[in-house]
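Start from chain A and add chain B according to the hints.
If you're matching them up, the sequences are chains A and B in order. Counted the way the working numbering counts, the first sequence spans residues 41 to 112. Counted the way the working numbering counts, the second sequence spans residues 20 to 374.
FYI, nobody ran anything at the bench for these hints, they're computed from the structure. Be aware that one or more of the hints could be misleading.
If you only want the chain A side, here are some residues facing chain B, beta carbon under 7 Å, derived [as the list claims (entries may be wrong)]:
id: 1; residue: Asn48
id: 2; residue: Gly75
id: 3; residue: Ser78
id: 4; residue: Asp80
id: 5; residue: Arg87
id: 6; residue: Ala91
id: 7; residue: Pro106
id: 8; residue: Lys108
id: 9; residue: Ile109
id: 10; residue: Gly111
id: 11; residue: Ala112
Ideal Cβ placement from N, Cα and C applies to all residues, glycine included.
The residues making up each chain are set out below.
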Amino acid sequence: MKVLWINNDGGGFADYVEVEEGTTVEGFFSEKLPGRESEDFLIRVNRQPVAKDYSLQEGDRVTMTPTKIEGA
Amino acid sequence: MIDKSRILYEAATEVRRRLHEMKESHIGQINQQLENLYCAIGRVRKFQRRLVLCSTRTWKAALRRTLQDMEGALHDVLYQKQNTEYSIFQAKRDVPKVVDVFGELKQMEDEFSEVSYDRDESVLSVITEPVVLEGVHLGEFEIRLYLGQMSSIENSYPFNVVALDPNPTTGDDSVTHPHVRDECLCTGDGSAAIKNSLINGRVCDFFSLVRSILNTYNANSPHVSLSKWHGIPCSDCGDSVNPDESYFCQFCESDLCPDCSSICQSCEGSACLRCIQTCRLCDEPVCPRCIVECQDCNEELCMKCLDDDKCPCNQIEVEENRDGTEQEKGQGTAVDENKEPKENFETSRTSSGDP
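This is chain A alone, in the form it adopts within the complex:
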């Protein structure tokens, strides 16, 4: 199934990506941002906060925004 993933870490690009049925938000985060801590991100699905074990659905809109970004 496809979900819209908006990655505000780095370039801030949005794209539709394939995910397996039953993939949780936590699993999706680990796959897309390996080595990063989910506590360091604002994670929203369809503009709402969700539990880690929420299973993604077809067409979901997933946004990940770092809570710490270094200015200059």
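Coordinates of chain B only, in the frame set by chain A:
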């Protein structure tokens, strides 16, 4: 509640209108960029003809120059191609529907304590929670997005960051945050994501990104570091001093306020009152590097007094020489009392390089 929703709907409509403007401006740029691309290709063709001529006539030096010129022209073709592709990409982009932008604004109400829209000024703004960085309380900030300036985002950011309860750094009210000066945020690592969020109408993401930067301290490149936010403590008296008005003792490496520092009258370097010394003759402050000691009498003098032969031991020698000359007079030797001291009389010096 209905009024608030209506205001947010108006804001969403305005955001969408500005996004359309942005898209139109990219369409307008495509023609000019294609012209630039054609010009760049034209230069490549010119150098190609020159290349053939140089090869045929075996003009080796000219051939080398032409190859370099060709390389530059090809780089320019690539640059113009990328510019044109970017504009085409932006022009093809779909402008989000009003309902999607409205959803962004509704989400902002959940993420921020206060969301407001000034219809007259066309400004969308949010207020952050109080920002505290390494124990320094900087207060709440209002992030103001100027919708009327969104179409010029390729050249400048259309937003300001305003301190609502400013705690600026000592001596510079314009710096209200380590990364904010004159209400402008240095976006650093967030630059690309901020630009993309605005171009795509993801205004909630935009405000979240700016908030993330405000909540992060980058010690490597602030306008003013947090360790010096409240000024530098004077090593002697302990008073807080503006970093721009502080002095530094190069000998004991301590920071000083103007009252606790002194300036060497020889080299104009600064030093603390413990390290600075005083010329015994003129009483002026002299740093340890510039103080000199008379070899004969060990008096500590500044270079100027030493150069001017003002050391007391020089005066005594002059008088002794004069007495000696007068005694010779008394023994029958004619002496001209107006005669200058002997030219081979010299003053002992401790410093080198003197005439």
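We went through each hint and held it up to the structure:
1. Asn48: It holds, given that the least Cβ distance between asparagine 48 of chain A and chain B is near 5 Å, below 7 Å.
2. Gly75: 17 Å, violated
3. Ser78: 15 Å, violated
4. Asp80: 10 Å, violated
5. Arg87: 4 Å, holds
6. Ala91: Alanine 91 of chain A check fails; min Cβ-Cβ to chain B is 16 Å, beyond 7 Å.
7. Pro106: Given a least distance of 6 Å, the restraint on proline 106 of chain A holds.
8. Lys108: 4 Å, holds
9. Ile109: Since the shortest Cβ distance to chain B is 4 Å, the answer is holds.
10. Gly111: 3 Å, holds
11. Ala112: Where the cut-off is 7 Å and the nearest Cβ of chain B is about 4 Å from alanine 112 of chain A, the hint holds.
Figure legend: structure checked against the earlier numbered hints; hints not met, in rising order: 2, 3, 4 and 6.
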